[in-house]
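*Asks:* Chain residues, written in single-letter form:
Number of protein chains: 2
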Amino acid sequence: MHLTTICRIIGMLLMIFSLTMALPAALAAIYQDGALGAFSYAFGLTFLSGLSLWALSRGKQPDLGIRDGFLVVALFWTVLGLFGALPFYLADNPGLSVSAAVFESVSGLTTTGATVITGIDDLPISILFYRQFLQWLGGIGIIVIAVAILPILGIGGMQLYRAETPGPVKDNKLTPRITGTAKALFFMYVAMTLACTLAYWAAGMSFFDAICHSFSTVAIGGFSTHDASMGYFDSPLILLICTVFMLIAGMSFAIHYHVWRSGRVRLYMQDSETKFYLGVIATATLSVCGYLIFSGEQTPLDGIINGLFHTVSIATTAGFGADDFAAWPSFLPVGLLLLSFIGGCAGSTGGGMKAVRVMLVAKQGIRELKQLIHPSAVIPLKIGSHRVEAKVVSAVWSFFGVYLISFLAITLAMMACGLDFLSAFSATAASINNMGPGLGEVAANYSTVSHTGKWILCYAMLLGRLEIFTLLVILLPAFWRR
Amino acid sequence: MHLTTICRIIGMLLMIFSLTMALPAALAAIYQDGALGAFSYAFGLTFLSGLSLWALSRGKQPDLGIRDGFLVVALFWTVLGLFGALPFYLADNPGLSVSAAVFESVSGLTTTGATVITGIDDLPISILFYRQFLQWLGGIGIIVIAVAILPILGIGGMQLYRAETPGPVKDNKLTPRITGTAKALFFMYVAMTLACTLAYWAAGMSFFDAICHSFSTVAIGGFSTHDASMGYFDSPLILLICTVFMLIAGMSFAIHYHVWRSGRVRLYMQDSETKFYLGVIATATLSVCGYLIFSGEQTPLDGIINGLFHTVSIATTAGFGADDFAAWPSFLPVGLLLLSFIGGCAGSTGGGMKAVRVMLVAKQGIRELKQLIHPSAVIPLKIGSHRVEAKVVSAVWSFFGVYLISFLAITLAMMACGLDFLSAFSATAASINNMGPGLGEVAANYSTVSHTGKWILCYAMLLGRLEIFTLLVILLPAFWRR
Ligand SMILES: [K+]
Ligand SMILES: [K+]
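As you go down the protein sequences, you meet chains A and B in turn. Going by this note's numbering, the first sequence opens with residue 106, and the numbers climb by one from there. Going by this note's numbering, the second sequence opens with residue 106, and the numbers climb by one from there.
To be clear, the hints were calculated from the coordinates, so they are not data collected in a lab. There may be inaccurate statements among the hints.
Copies of the same chain are indistinguishable here, so a pair counts whether it falls within one copy or spans any two.
[As the list claims (entries may be wrong)] Capping the alpha-carbon separation at 25 Å, the derived lysine-lysine pairs in BS3-like fashion look like this:
no.: 1; residue 1: Lys496; residue 2: Lys288
no.: 2; residue 1: Lys496; residue 2: Lys380
no.: 3; residue 1: Lys380; residue 2: Lys468
no.: 4; residue 1: Lys468; residue 2: Lys496
Just so it is clear, the structure is predicted and the values come from calculations on it, not from any experiment.
Sequences are here, hints too, so could you generate the full structure?
*Replies:* And the structure:
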């Protein structure tokens, strides 16, 4: 373990992160919305903490190893999540409690998009911007970590991902990957955000709303500047734009990168994860729209728009709302909630278990049935033309098992905190899948959840965002042994 | 496929099965309880159907292959389940609808123990006896199939089971296994039933109740002759006797067989599945009792008795009730419901996914975490001293995946039938795990579930009892190809 180097990295990250508070501070100063003090104070504290960490851990900087990678990734969201809570705690409006402020901050950074705030429309403009900006920052963090770092750590079968995609970088050291790849990913992310902003603006959003919602769209975050979320704009065109960008942001940025470098758009359709991801969403959309229309719940046009938008919003784990989705016949919201367990592609800003893992598991299930009929046949497991190693398959299965057990344990804990079954189940699913809104008591927001409950859900959001194993592995004694 | 042989086997099974209706018919005649006509008619119809099938498919009888094994196992419960419904449908009391009668019959035979009947205490004595007898018969069927047939079919990693236990029979043909092993298993089963009957009787049950409840106890069935289930007797001693026999019946009958043959009782403690099974139940019992007592919900003595009894009853998937369990703080019933997914040991009369599979998955999860820290280490996966083949592990994982997907799909279907989330979730879990009682709307009985819902739950009970794959594999077109 190279703890000094890790401290230095975290210090640097904190200094960069403090800039996210400088921008809202400027907004607060311009619009005199009353949050200037909170942001200035939070900015100072974060920057100085970062500077101290960075300055105190000078010296020779060795290359980082695998274990250091786990620690950096785990600390990235926990430390930033805590410091990011400062403005929510310090500002008079919303003036959250400690647990609520950390919940809002972690929910933002992990791009979960669950909120504890009621009366979002009345928040100071700087706080509104800050919430969206947290998601945007979390989004790029996720992509860089997922594309550049996780494959090296080999979490839950993500070697698979590295093996299949002729990805950006292939060597095994952390440092060159992060610097080299991160720039390209960042560039694409910014370009996508700009395109999304322009589209929203052209469709009728105010410029401020367009920027804010493009932040939370490309990050598959789901925060909005309005209590009514996307429903506020009452515009099918905006819902469609949002749908398109959610779908794009839910694809692997490694593929985007590859298409961008080679110019070959057909790479999307050659990638089996992308095909699976789009196939599942298309099937779900057809079922949901079909039910809404043929049951007479909605008019055909409304059914198509609402069905498409909500299916994509929940399945990609964005979690934007428009229609009163929680009031649909209950098996639709619950069914979509289950879809969020699949989530986006690996290397996207989406949450969930990731399409590639679910695809692998589905293929393995079918393979096993065939094997039962032909016990002596040798049936290889393939993704595209690439044969999947047994080691990778077992890593993916373990990921599933641990994900499921974590999910169930947290659901029970939330019930012990006083939530009913549907609320506990959906709150946990929405948190661990980094999706956002739940059902039942937590359909609109999480303000009624107890302090303990909020901390548990924070843990769930981090667990999901850190691909479970990152957070679990550092809890093992063996991890800390020399 | 040897369809004539299969028809002959099913015909023979039906003729044997018709005897389960002859005994209640005799009871009905003696006690003049009004169900004589129903049982006579049902007996005649079942026996003649069996005889016709048997007689029509004469001729050369070749050895059966793997695929025939799947069909026989799948037909065993479906055909017997349908014919077994006749008395429930024909008798004036309970006079069930077709769907309700089939539900009650399938629930009995699969040893699920979910009921659609209200007013059980008022049923004719012959019907009461018949319900319990169905469970007892289902129980021995399960054991013979699980110990003698499933390992050959290699369903969901059950080769594992064969590999570890120096089990009764090891060759690969069906016929000698069934005849040879079945006798020994049957003998042990009868002995256990007698012991249980005597214990109940000595503890104060009427002789009739003692027989009836010993039937449903050794079968881990959960049917009772009283609406209040075990609570009717209001006797801690009876609850303890029931607990002990549920625990024994939840262990593998292959181990029982082995202990019986060798006389070495310490074999139980050398078997890793048995240790895991008892360890999980002990941990859960301590947690439940601890919570009930320290939260002040119950007095210490009540807390210990009720906590122990209900934990064992749900964890082994027996499903007997005593206290008003569904009214406990909701995370306890839901937590125990999740335990029923583990269920009994492979080769027991218990349901669920079976302890050995869950143990394997838990070990694999821990192994994977260790592998993350030491990426290049070779860490073998062992059960006891036996190293588990990768093929077996992947079969177990697939079993889990398919089990989970089936569970979720059926839960959604039950919600579409009008059940709320908790009721749908618990009804599906209780059915697929062959456990019995649910929570919410289906806590007491399943009478309010729609016809479609009852059929779906019948399917779930069969799916669970047939280890999922048996029922799924015969739906594959490849299964029917030459
Ligand atoms: K989200
Ligand atoms: K049962």
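*Asks:* At 25 Å max between alpha carbons, let me know whether Lys468 reaches Lys496 within a copy, between copies, both or neither.
*Replies:* both (15 Å within a copy, 15 Å between copies)
*Asks:* With 25 Å as the alpha-carbon cut-off, assign the pair Lys496 and Lys288 to within, between, both or neither.
*Replies:* Intra 32 Å, inter 43 Å, cutoff 25 Å: neither.
*Asks:* With 25 Å as the alpha-carbon cut-off, assign the pair Lys496 and Lys380 to within, between, both or neither.
*Replies:* within (24 Å within a copy, 28 Å between copies)
*Asks:* When no copy is named, should Lys380 and Lys468 be tagged within, between, both, or neither for a Cα gap of at most 25 Å?
*Replies:* Only inside one copy: Lys380 and Lys468 sit 14 Å apart there, 33 Å across copies, limit 25 Å.
Checked against the numbered hints listed earlier, the structure breaks hint 1 alone; every other hint is satisfied.
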